[in-house]
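Peer 1: Residues per chain are reported as follows:
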Amino acid sequence: MKNVSSNIINSEKVAIKISFNDIRSIHGKTKILTDYPTYLMDESKLNGAAEWLFFPKSEAEIVSILDFLQKNKIRTYVSAARTGIVGACVPTSGSVLSLEKMNKIIGFGFDKNQNYYFIRVEPGVTLNEINDKLIKKELDNIPELTPDAIKNFKEIKDSFHYPVDPTEMSATIGGTVATNASGARTLKYGPTREWIKGLKVLLSSGDILNIQRGECFASKEGRFIIKKSNGGKLQFKIPHYIFNTSVKNAAGIYSKPNMDLIDLFIGSEGILGIITQIDIWIIKKKPFISNVLFFNSEESSISFVESIRNNRIISPEFIEFFSCEALNLMKNVQNKDPGSINMPQIPIDAKAAIFFDVPYSEEKIDIIFSKINKITKKCNTNLSNSWSGYENREITRLKHFRHALPENVNAIIATRKLQFPQLHKLGTDICVPEKCFRNMMEYYHTVLRNANLDYVIFGHIGENHVHVNILPKNMEELRLGEKIYEKFAKKAVEYGGSISAEHGIGKIKTDYLKIMYSQKDLDEMRLIKKSLDPLLVLNYGNIVNFDVETE
Amino acid sequence: MKIIVTIKQVPEANKVAVNPKTGTLIREGVESILNPFCEYALDMAVKLKTQNPDLKVEIIVISMGPPQAKSALIRCLELGADRAYLLSDRAFAGSDVWATALTLKEGILKKIGNFDLILAGKQAIDGDTAQVPAELAEDLGIPHIYYGFDIKINNKKINVKKETEKGYKVVETRLPALVTISKGPSTIPRLPSMKDMIEARKKPLEIINAKSLNMDENRIGLNGSFTQVFKIFSPPTKEAGEIIDGNDSINAAKKLFMFLKEKKIV
Numbered sequence: 000m001k002n003v004s005s006n007i008i009n010s011e012k013v014a015i016k017i018s019f020n021d022i023r024s025i026h027g028k029t030k031i032l033t034d035y036p037t038y039l040m041d042e043s044k045l046n047g048a049a050e051w052l053f054f055p056k057s058e059a060e061i062v063s064i065l066d067f068l069q070k071n072k073i074r075t076y077v078s079a080a081r082t083g084i085v086g087a088c089v090p091t092s093g094s095v096l097s098l099e100k101m102n103k104i105i106g107f108g109f110d111k112n113q114n115y116y117f118i119r120v121e122p123g124v125t126l127n128e129i130n131d132k133l134i135k136k137e138l139d140n141i142p143e144l145t146p147d148a149i150k151n152f153k154e155i156k157d158s159f160h161y162p163v164d165p166t167e168m169s170a171t172i173g174g175t176v177a178t179n180a181s182g183a184r185t186l187k188y189g190p191t192r193e194w195i196k197g198l199k200v201l202l203s204s205g206d207i208l209n210i211q212r213g214e215c216f217a218s219k220e221g222r223f224i225i226k227k228s229n230g231g232k233l234q235f236k237i238p239h240y241i242f243n244t245s246v247k248n249a250a251g252i253y254s255k256p257n258m259d260l261i262d263l264f265i266g267s268e269g270i271l272g273i274i275t276q277i278d279i280w281i282i283k284k285k286p287f288i289s290n291v292l293f294f295n296s297e298e299s300s301i302s303f304v305e306s307i308r309n310n311r312i313i314s315p316e317f318i319e320f321f322s323c324e325a326l327n328l329m330k331n332v333q334n335k336d337p338g339s340i341n342m343p344q345i346p347i348d349a350k351a352a353i354f355f356d357v358p359y360s361e362e363k364i365d366i367i368f369s370k371i372n373k374i375t376k377k378c379n380t381n382l383s384n385s386w387s388g389y390e391n392r393e394i395t396r397l398k399h400f401r402h403a404l405p406e407n408v409n410a411i412i413a414t415r416k417l418q419f420p421q422l423h424k425l426g427t428d429i430c431v432p433e434k435c436f437r438n439m440m441e442y443y444h445t446v447l448r449n450a451n452l453d454y455v456i457f458g459h460i461g462e463n464h465v466h467v468n469i470l471p472k473n474m475e476e477l478r479l480g481e482k483i484y485e486k487f488a489k490k491a492v493e494y495g496g497s498i499s500a501e502h503g504i505g506k507i508k509t510d511y512l513k514i515m516y517s518q519k520d521l522d523e524m525r526l527i528k529k530s531l532d533p534l535l536v537l538n539y540g541n542i543v544n545f546d547v548e549t550e
Numbered sequence: 000m001k002i003i004v005t006i007k008q009v010p011e012a013n014k015v016a017v018n019p020k021t022g023t024l025i026r027e028g029v030e031s032i033l034n035p036f037c038e039y040a041l042d043m044a045v046k047l048k049t050q051n052p053d054l055k056v057e058i059i060v061i062s063m064g065p066p067q068a069k070s071a072l073i074r075c076l077e078l079g080a081d082r083a084y085l086l087s088d089r090a091f092a093g094s095d096v097w098a099t100a101l102t103l104k105e106g107i108l109k110k111i112g113n114f115d116l117i118l119a120g121k122q123a124i125d126g127d128t129a130q131v132p133a134e135l136a137e138d139l140g141i142p143h144i145y146y147g148f149d150i151k152i153n154n155k156k157i158n159v160k161k162e163t164e165k166g167y168k169v170v171e172t173r174l175p176a177l178v179t180i181s182k183g184p185s186t187i188p189r190l191p192s193m194k195d196m197i198e199a200r201k202k203p204l205e206i207i208n209a210k211s212l213n214m215d216e217n218r219i220g221l222n223g224s225f226t227q228v229f230k231i232f233s234p235p236t237k238e239a240g241e242i243i244d245g246n247d248s249i250n251a252a253k254k255l256f257m258f259l260k261e262k263k264i265v
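Line by line, the protein sequences are chains A and B.
For the first sequence, numbering that gives the first Met the number 0 assigns the number 0 to the initial residue and increments by one for each residue that follows.
For the second sequence, numbering that gives the first Met the number 0 assigns the number 0 to the initial residue and increments by one for each residue that follows.
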């Protein structure tokens, strides 16, 4: 039995034993490199290597694999849909543990306390699959976790969905929990963390923690106690720092006084345990109207954002931004091939664009748009200077337009790569407090213009979180860009922001983490990793580096 | 000049599946949209209005359908139509192409009156019959041209470029006439602005029931229909064919021979 509201949690043991030889696996570095190369990289294009590739179908199989790995001192890297962009799932050696065969929906229930329905899934289910099942209400043969949950659910006329939208809906739920994924709609719905009701986490020792939110909290001294299935006890302390949640933040291990144990594992990039089951809350899908409004200056567009962000009538689901440089790039693409982005002509004099969604109901359209109309007048634009749509196909069109920008940036880099194979784009993921946002934008433009580098700025302006993409033309510009990137990171931390608002740290951004955290903070992160995974078997190299210690 | 555009609301067809047991469409989570070919017809009307400012073109859309089809008409008003009529009544339910054309004719004559040109999509993406526009033109006693993709107005006549199997031909007719549109004037679909959204909802949209059309009840709905849908089913899926590479003619011939032999054709 679980103790209600204590810092002690009992672990469970996997009852079934499965022989290692019965588990589907691929062995051999060359074989994996030749036949399974996609398992060695993610969207960052960081490349790795592995001796083993496993496809477990159950917790019991994972336990058996972990046993084998620890006996043979082999590390493992948990792999989901590999849509991440910081190399978190990329193996540096050892083995890959792909959870793609654990892809079933295994329960459905109603949470009386929160007044939400919830769905219980294995980690390998994709967000697309979850939403598809929910929208079609295809829940036959799924166990009901509370009486009549499915029957009652089907009787409700509205459509439901899982509201977290990290852009890549082909991501798996497991991957998004491990990285605390967020996205454009975080403005309204918050990051993944806020939608996780429960988790099952398998520790490298083979003990399973069944954590339900609201049941296990750190003691006053920041201590958690895990009662292990063999009778032993595992005690550990959370870091003393308070994880910065005043801005959108995905940098480092979550910690705060009296924190819920479940939050320790969400966003820990797989270094503390393997997530094997997830309960997520779901909500009614609300219809919305997607809009793009063009401005003749960046300042006006920021003023517009400030006016609508907290406006209760407009109540935007997300607010996104294209800078002048971004619009110019898209105008060029459009001039060369209008069909490629399938949108009406981008206004020639547009210097900035804001994308935003507002709730859609026939009764309220007039009230909402009249309110927006008043605001646009103060921002030197008008409602004619916009695109608007509410049908699925229109919403998809506007979404494609937004995604076409980073795709075209990547295409430009790919061309330049032909001449300089080591070249890559530099994409920031920096978030700063609202009061510093204008200064930060000015800083970006001044530094980049002085350096004479190609760049575009776009992203989640609603949360003061925009992505600066630097497009170096040669290796010299790449090195210059890297120095500038570090400058930006330092400036953001100075302002109280985060160096990684949503992409996470993985293996690519560990150096920037040092700008945000002290040596002591990082040591505390290492300590917690060592307490829960003493042999450092799981996802070695994510967030914290252990090589430093031995230096 | 009055241009009427007849339109239909349809389920977003690429998302509709047929339940093999009941033979009904699975509509769960599928949105209703303005039939894309009707949108092309509307685009053509808007193009004619823009090109001929001196003709003072008024664009009127009309549809027959359930109450929710109102949203397709609002969509037309957002995209440039000036006013809209929805013929909606339980008595119209079950109309086949014949009854639909007759009802539209009555709606046009009794509510709109004189007109110069009717534009229609070449077909609806759900029923795919492509018969209503021609029947409507016959009922109204006006000429019709199918598969148009460009129209020039010339006094009381129009020149229509219409698709043929080999290319296109230009057909001239006097007005009033009906033209079905197969391809939009712009390759990139338009998007309304927020201003268009507000303005659309201020334009006149009238919902008309069977009684106000004063039609004999034996001529409308199921009673007035000569045909009925007997069964809906998905066409059986075909296996993909195999293409034999002809560059290596000897091997290609061998492969073809083996295939024919296997199928016991030779």
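If you are wondering where the hints come from, they were derived from the structure by calculation, not from laboratory data.
Please note that a few of the clues may not be correct.
[Said to hold, decoys possible] Lysine-lysine pairs mimicking DSSO-like chemistry, simulated, CA-CA at most 27 Å apart: (1) LYS69/B - LYS156/A; (2) LYS155/B - LYS104/B; (3) LYS373/A - LYS201/B.
Peer 1: Going straight from one Cα to the other, do LYS69/B and LYS156/A come out at no more than 27 Å?
Peer 2: holds, 20 Å
Peer 1: Holds or violated: are the alpha carbons of LYS155/B and LYS104/B at most 27 Å from each other?
Peer 2: holds, 22 Å
Peer 1: Quick one, are LYS373/A and LYS201/B close enough, alpha carbons at most 27 Å?
Peer 2: Holds, at roughly 19 Å.
This entry satisfies every hint, going by the numbered hints stated previously.
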